[in-house]
Structure formats: structure tokens, C-alpha cells
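Single-letter residue listing:
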Amino acid sequence: MSTSQVTAEFEKQVDELVSHYPVSKRSASLPLLHLWQETFGHISDEGVDWIAEKLELQPINILELVTFYPMFRQEPVGKHHIKICRTLSCALGGADKTHACFKKRIQAEGDDHGPLTSPDNNYTVEFVECIASCGTAPVVMIDDDFYENVGEEKVDELLKKYD
Amino acid sequence: MSAAEINPFNHDIASGDAPMLNVNFNGEWIKVPKGTNVVEVTRQQGEFLPHYCYHPKLSISGNCRMCLFEMGMPKSGPDRKPILGDDGLPVDINWLPRPMIGCATQVSEGMGIRTDSNLAQECRKGVMEFLLINHPLDCPICDQAGECKLQEFSSDYGTGESRFVEQKVKKPKNVDLGERIVLDDERCILCSRCVRFAKEVVSDDVLGFVNRGSYNTLTAHPGKRFDNKYSLNTVDLCPVGALTTKDFRFKMRVWFLKETKSLCGHCARGCNVTVGSRQNQVYRLTPRTNEEVNSHWMCDYGRLGFHFLHDEKRLVTPESKVGTAQFPTSWVDLSQQLGERLAAFNGNEIALLASASMTNEELFLLKQFADEKGITRRDVVPKLGESDDFLALADQKSNSAGARYFEISNDGKNHDSIVSDIRSGKIKALICWQEDASDIGLTAEDLQKLELLVAASLLPNKTTELAHFVLPVAGFAEKRGSTINQFGRLQRMNQAVALPGQARDDWEAIQGIRQQLSGKNGIHFIEDVFKQIASSYSPFSNLSLSKVGDLGVDLELPDGVLNKDKDSNTPA
Amino acid sequence: MAAAERRIIFKNIDSPGYTNDIDCYIENGGYEVLKKSFKLEQQQIKDEVKSSQLRGRGGAGFPCGMKWSFIDIKKVQKPVYLICNADESEPGTFKDRQIIHKDPHQLVEGMIISCYANNVKLAYIYIRGEFPHGARILERALNEAREKNFLGKDICGSGYDLEIYVHRGAGAYICGEETGLIESLEGKRPYPRIKPPYFPAALGLYMCPTIVNNVETLCNVKHVMDLGGEEFSKIGKPNNTGTRVLCVSGDVQKPGYYEFECGALTLGELINDICGGVRNGNGLKAVIPGGSSAKVLRAGEQYKLKEKQADGSMAEREIGLEDIPLDFDSLMGVGSMAGSGGVIVMDDTRDMVECLANISEFYAHESCGQCTPCREGSLWMKKILGRMANGQARPEDAGLLKNVADNIAGRTICAFGEACSWPVQSFVTKFRDEFESKAERKKLTTV
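Residue numbers (the numbering used here), protein chains in the order written: chain A, 26 to 188; chain B, 830 to 1401; chain C, 9 to 455.
Please keep in mind that the hints were generated in silico from the structure rather than gathered at the bench.
Just so you know, not all the hints are guaranteed correct.
Taking lysine-lysine and the BS3-like style, the derived pairs with C-alpha atoms no more than 25 angstroms apart in a straight line are [unchecked claim]:
#	chain 1	residue 1	chain 2	residue 2
1	B	1257	B	1278
2	C	410	B	954
3	C	156	A	50
Chain A with its partners taken away, still in its complex shape (with noise of 0.2 angstroms):
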């Protein structure tokens, strides 16, 4: 994303993030990424570098960042992010069969561990650490929704809300 689309609501926004920190701007580094990935989808270089540079940093110290919490990223994914709890109760709630079931049904190929994103484009399915509702394994956050006891019979239904 180029900076040049940053707009001035953008900049706004910003605004009122960093005034949140009137201690240490650089505090304002977590919610500037958030934002920039909200509003571009990912974070690019342009983007590493416009948010140091506004929060007066060197442009290693948000790379540190981006590439640090696993929230970020700095490639762009499908259109529908599909987030499946891989760790123990959602492990023993059938968490294993959840996921080969949304790669299968958005025909996704490769490796489990990384993210996977259907051909079309339009999902990316990829394992999570543990999202704190382990009583109703497994739990599945599609972009920033949440969905509990979310069983291979669930996975159709889900994808169409997403269509």
C-alpha cells in the first residue's frame, strides 16, 4: 500500500491513538499497526516505515514489531481470514478435523502450519494458538468474529456467512 492513499482521516485516527500515549509516542506502535492493517489490509514496508517515521523511530524498531506478533502480517491474505484454535482443548474438541475441513471445502493446498488461502482468493485458513474459550472447543475467529463449538458440520454454514 502506498502511502500516498493514507488519508486525512487516517491521519486523524492516528492522531487520537498516539494522544492516548502522552508519556511515550512509541507506545502508539501496536495501535498504529493495528490500524494501518485494518485500513490496508497489511503491512507493507511503506507502511513500517510511515508509522516510525511518525512516531519519530528508526524503521527497524516497528519491523521488530510486525514481524514479532503474530496478528501482523506483511503479506496480504485471502479476503475472509479464518482463524481455527489449534492448542489442547480445542485439540481434544476436534480442532485437527475442523481445519482439514475448511482447507478442504476452500480448496486450499499446502503445509497446516502456515496460513493456506483458497485459489480464489477469498479465504486464508490457518491455525492459531489458543484463543481463551476453551469450554466451547473448538473456536474458530473469522476475521474479527468469533464462533465456539465449531464442529466439521458448522464448516459449510460458516463459509456461506462469508460468501
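Model the placement of chains B and C on the given structure of chain A, informed by the hints.
Chains B and C only, in chain A's frame:
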């Protein structure tokens, strides 16, 4: 100038007024200044607590976990105060089950330290194994081999065999981190010394870690280069072979290097260096710790500025002009002929241009020679560079203070009159010692006018081309002698490599000419020159070259000798 | 018969008609305790919290009153910060999610009281990135509180000013470690700080004194101030006061969250009576009682539990897994911990090597990589376990795993070292036969 002014941290230097605390170190009660950390306590006791990430001049990060030791606190009574014996020392120590890191643990009254207990040994063994499981173990092709802390500590504290049978983590190799530096991420143990140096010491925050966990990778942000003028200090700081100097890479196994303690001559600071050489070839310079001068550091320019010594154009044969051409001659003939030619001039017909990077001994002998001959038209050729807030000083000559003290230098103020008097014919002879006359504005035409032109130099220049006598002399790693840095510190350089061809140590060349003129002798060694200095100049009294030592001594010098301004090269 | 639930923190959560807006909260008596607290001296509030014996609900169970007492607001020269740790990420734990989504004002009220008690003028709620709706709900709740002057300048005419902001994480378990959280909030990689010297009470956020409290702990502060410290301390057991939200997951009929007085019921009662027993008619094999980093308990194990009696004397009794009372001290007494209250149940069809491989994959993924033993060891353990689970176990693997874990625990910068090694140490020790038989089976097939 001291370490406190150079470094943001000096964990190895206790403040002078720190109270002394009683500490039980491996079973013995010792007194340690408050504020000292356990790595330094161990060092003070003549022992060593192994560590990778800790460095006395960087912030404490505590990440390598190699310096884990067993810690105890004095046993307390019901009043929660330590139970003390008649000697005022705790009667017993409660040892904590959890090991502590020596770097981040400062001593406290009555504390117990065990650096070699079973627990401490087990910890080191465990950490060593962890550090090696994903390491490529490519010592046979690694430049760090021989001075690698992974090698040293695994031999001292490791097990000698691996229990790791899984796939190693793959990381970038041969990363072009900067102009002068290469990174191998698979060798990196993520100690963050380089990152901290860049950020804390030279404020060039371009290095960092990307990714997470075992995949953590040292990098500079794409598009940013690690190119600051102190970048190569990170190669010294790097305890492993992750950061290597392009200049030294694959050139020589470090265990073949002879190490000579000497000085960098690239500016008036005189950073202390170790010259690494083999078979009369210098392979690298590394900074040598001197808290009064350069602490642990030096600039890349100084570090890499030794290659001229081995330049293929190096002058290696004395020459004298016969007719219009220069022919090789011997030193004996040269000295004799030169002496005869000089005898034909009055002192006021001769000008002397010498280098402010020469040693005190050389400058002293030049002064003796000039005084004896009555040469009053003398000066040096000052060179101004850029200073910074760290080590670099504007004065690019390593012994401007010595040149002033021995009355050779007038900080370039004599240039104009020398030039005009050469042009008017008042000055008929010019001696250029390790300086090029063209640098003070003398043209080839001017020089050709001279009846006698003498050039002592390492490399050919406009003066040597026209000189009647060419004297091949010595570079900094080829000689012993002393210099005075901008802060008045008398320091010593030592000879690391032999002189090439028939090139001669400067002091011998000067003394050779002087003898021809005055017949005086009595100097056989460079030490004798220093002795003469010491006997006639009070700041040097009671000193000898050996007393100057590896770290130098501060001199009390008269006003006007030292230039206190880092941005200028002349005294205010 | 198991004790009945006693809902204090979850009193309104899931109750019919209860919504997460401020009007509903106020209708149910919300912010009354705050108004009452403003009439007290700050030190009085701290004293109440101390006498309540409230222990932190984040995992370590550190007494909240003691944590606060490290900061003497009369003497401190720098600003004091408070951070609510809402980075709920310990596998098996899902209580904070409920509070944030369904009763955010309870947290906000508890937090304002806590801030006032410690003279905090600026506070943050560090919420895990995977709760985007939760973050929005909290932001709305804070705005509502601001509108009603429970936040901002001169709160309720008390002369006290406070701002609270929501700060979102981005998917890192290590941010639950308080100094990692502080680094993250400062905009740096969340590398936990070395302690000493960087204890948050002295050198926390922006190198100022900082209090980091869990969501449930801060909610409890409200109830401490409602009931009074003395009265609160009568709930539960001495040194294990108040209620505990237990999150049950895994192989039980009715997983979910339940709130009980500390120690009011046993592990067996929780699983069998409250959660309807192990699912699919299977037998119980193992329980992780306090989030995935807690040491596993094996069905059939016998423990010697030392307990303080009413008269102050200590008595020891031998109990089985199902008889363990669910409180801080008892769980510690049997060699595990109450941790974050996440109870994960595994039935007797489960392969313990696979379960541990799953847990270890989590910790290998979450290790920040700052210090050597955890960075290298957590991934090594994951790789060994992955290989074992894939039928390539070797006879020496069980011993190797245990030893690798031993070389991590206690030797790292933060408690993550323990978090990743305790499961390995306990699984391998308690199910040694199962780990060793992995290699034997391989031997059989290769003959």
C-alpha cells in the same frame, strides 16, 4: 578523557566513594565495593564467570544465562537481622535454590557467591548445550574460530557431544549488513551486544531482531545499512562468528597472528590497538582496552587504515639523484652525501617540514639536528578532519602535541613564509619528513628551484619524485616510540612487523644524518633517545619507554602544547 | 454433594436481561462502591485490600494487598501507573473474556477504585489482540464512564483525575508476563525484563512504579470494597479468600465456567457433579488444574496434603486426585498450582505424548526467544515430542525430555521457563510408561 565520558555504562569501574561490602566468594570472605556485579567480582578475584551477552560498557540484558551462579543470603535470626559472629560476618548463609545471573546481580552485605558449585556447573552445561543445538558448528570455515566464545566455553564447560537429533533452524547466511560487515544469522546467539552497542554507544539504532522465539533473527531494516563509522566494534563485541569484518574475512587464521600492542595513528586520540600480524604482514587492527583513551573501541577508518603499509608502491630503497634521475644507493652513502650537501648551507637557508604524526623520539632528534644546524624555519602540515561526539577528533595527526613540545610545529603558521622564501630563493634547501611539500602549496616548479630537496617517506608523492635524496622510512606498525595524544597522554607504539626492503626506522635515518653533520654518537637504541629526552625535559623525567607501559601516562605539559578542542587542531 | 456455586464476579454474567452498557450496570447497583470508596482515604482502601487477603487471579496467586504495598504513594516521586492485564492467554482459561464482554463496567469500576487507592492518574487495559470486540466493548464502557464523570477530571467531585485507555496486544502469550506486557505497552518487543532490577513496583512502565493486576483481581477489588476486607476474607478459606472462577475444558460433559468459594469443592466434585463427569462414558486419565503450564495430575495418584487446621496446627492427610480441594494452597501442596483457574480434563482414551506435544507446540510458538534456555529448549522439546508422536520415538527420549525441561526451569529471565517445562516434567514423570512405550512400539514394528 576517560571511560566515564565515552561510555554510557561502566559496570567494571566502581565509583571511588563506594562503601565496601563483605561478600563470601567461593568460601572466602572478601571486601567488594558496593555496586559491583558478580561477573566483575569474579574477575576481581582473578577468576572468570563465563558470559556472552554481558559487556561492561553496555546495558545489562541478562539474556544468555551463561553467568548463572549460586547465590546465598545471610541466615537471619528471629529479628529478621542476619546472625553475625564475633568477626561481624554472618555465621551462616542460606543458599537459594534458584540460580541468579552474575551480570545483573550486584553484591549486598553478607551475600554468598558460589561460581563453581554443582548448580552453577549444571547451569553452564545446560546453557552451552542449548546454544549449540541450532548452531551450524561450522568452525572449520568460520573466521571466529580460535577466538570464539562458543568454542572456548564449550571446551571448558560443555559436554563434548550433542544429544540433538532434530532438524536445525535455518536462518539467513552471508548477509551483507553494511559496507564493512557481514552477518551469518545461523551463528548468531542473539546476545544483542551489537544491537545495544549501535543503540547505546553510537546512537545508530538500525539493528534489531525480527521474528520470534528460536527463529529470532538479527537484521538491519531492509534499505538501512549498518554503516556507521564505528560499525566494526560490533565484530569485536560479537562473541561468536556471526559478525565478521569483510576486510579480514578468510584472510588468516587468528591463531597464527602475532599480537603487538600499539597505537592507531589516524587522529590525535591515539586509540590503543592490537596489531595482528604474521610473517611481517599486518592482517588486522583491533582496539585494545584503555579506559583513559578509547575504552574498548576504535573507529572503522583507523581500524582499516593499515593497508598502506603493504602498498606495492611502497618505497623500499634509499635513492639519490644523479643528474636528473634518481638511483638506488646505500644508507651509508646517502647519509654521507646528504651530510656533505647540507654542510654547504647555512641554517637559515634550510627549511624543515616534518609530520606531526612522528614519534617524540623522532621529533626530538629532528629538533636536535635542526638546532645543531641552526634551522629555524620549521613546521608541520596540520590536517583537519571531522570530529564526533564519540572518539574521532578533528586533528588527524597523532602527535601534534609532541611536535609542538619539541618545537617542530608552529601549527602551519610558518607555511606562507616558507613558501615565499623558497620562491624568492632565500631558502635553498628543504627537508620533508613524512610530509609532501605540495600540501603546503609548493608546486613542482618551486621544488625544482631548490638546490637541495630531501624527502623521507613511505610512499611516493610529488616531493619524492623531485627529491635529491629519497629516504624510505617506517610506518606505525614498523617502529617503536612514543606519542602524546590530544589530552596529554604519553603512549607507546611497538614494532609489529619488520621494515620492508631497505626502509629504515625514522630515528635511525635522522640520527644517521645528524652524525654526519656533528659527528656525535652515543645513541644505539630507541630507548637511548627516550633517555635523552627524559634527562632534559621535566615532563618526561623519571620516565622510560618501558615505564610508559602499555596504557601510557598523563604528562604535565606547559600551556599552549595541548589543543583542548575536539573540533580544531590548534590550541586556542 | 458438591457445594453450590457462589457467584460474585460472575453474578450478573449470563443472567437474563443483563446487558453490558452502563445503564444496566448502574441499575444493578454499579458504581455505588466507587462513590463510597472516594469517601475513604487512599490508604484505607489499600488496607481493606490487604486485610481481604485477596490473591492475584492471573496465575501466580500473589497477594494483591502486598503488591500494592510496595508503592508508598506518600513517598513516591514519580507518577504511578496501573495496568489491567487482560491478555488472557493461558490455555484452558477463558474467564476474562466473559467479564470483558458481558460485564465490562465491573472491571472499570474495580480498576478506578484501584487507581484511586494507588494515586494513579493514567492507566491502561492491555487486552489481547484476539479480543477485537472485547476491546471495542471496553472502549465504549470507558466512554460511558467518562460521560458519567467516573473517569476524567475531578471524578464525582472528588478532585481526583484519571484516564484509562485500552491497548490491544497482537497475539503474544508472553505479553501476559507483566514485564513483557510493560515492554509491549512501551512499543517494544515484549521481552520480559530482568528482575532485579526491573521490578514493576519500582521500575515499571516508563521506568515508573507500576501495578499490573489481572482482570478478575481488579473486579474483586470492587467486591472487597463493597463487603469490606474483613468480610471478604471470610469467603473461601484463610489465605485463599474470595471466590474463584474455574474454567473447565477438555473431556467433560459440561465444560464451562463456574464460580465457587475458594476451596469449597474438590476436583472430583467439579468434574463429576458440576461438569457432569468425563464425556463419552470414558474414565478420567489426567487433569491440568490451573492452565496448561500447571503440572498435570494423574488419576489414581495419591498425595499427602498438609493443611492448616482451625486451631493453627498442621495436619497431614492422604488424598486421591478427586479429593483435592480447589484452592491456591492445596493445589500447590499436591505439586501443581491453581494458576489462572483453567482446568483441562483428559480422558483415558487420550495419548499423553500427543497431549504434551500439543502443549509444547504452544510454548515453542510463544517463547519470545530472548533468553537461551527457553528459546532453544522450548523448540527442542516440541521437536522431540513431535517426532515421538509421529512414531519415531527413541528409548532415550523420555529421559532427554525431562532433562531438557530441567535445564530450562528456574534458569530463564521470566516464569515462561517454568511454564514450558512444568508440563514436560510432570507428563514425562507421571506417564513415564506411556512415553517409554512409544519407543518400544517402534522397536517392535522395526524388528
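Hint-by-hint comparison with the structure:
1. 1257/B with 1278/B: holds (8 angstroms)
2. 410/C with 954/B: Since the Cα atoms of residue 410/C and residue 954/B sit roughly 15 angstroms apart, the hinted pair holds (cutoff 25 angstroms).
3. 156/C with 50/A: violated (28 angstroms)
Figure legend: structure checked against the earlier numbered hints; the only hint not met is number 3.
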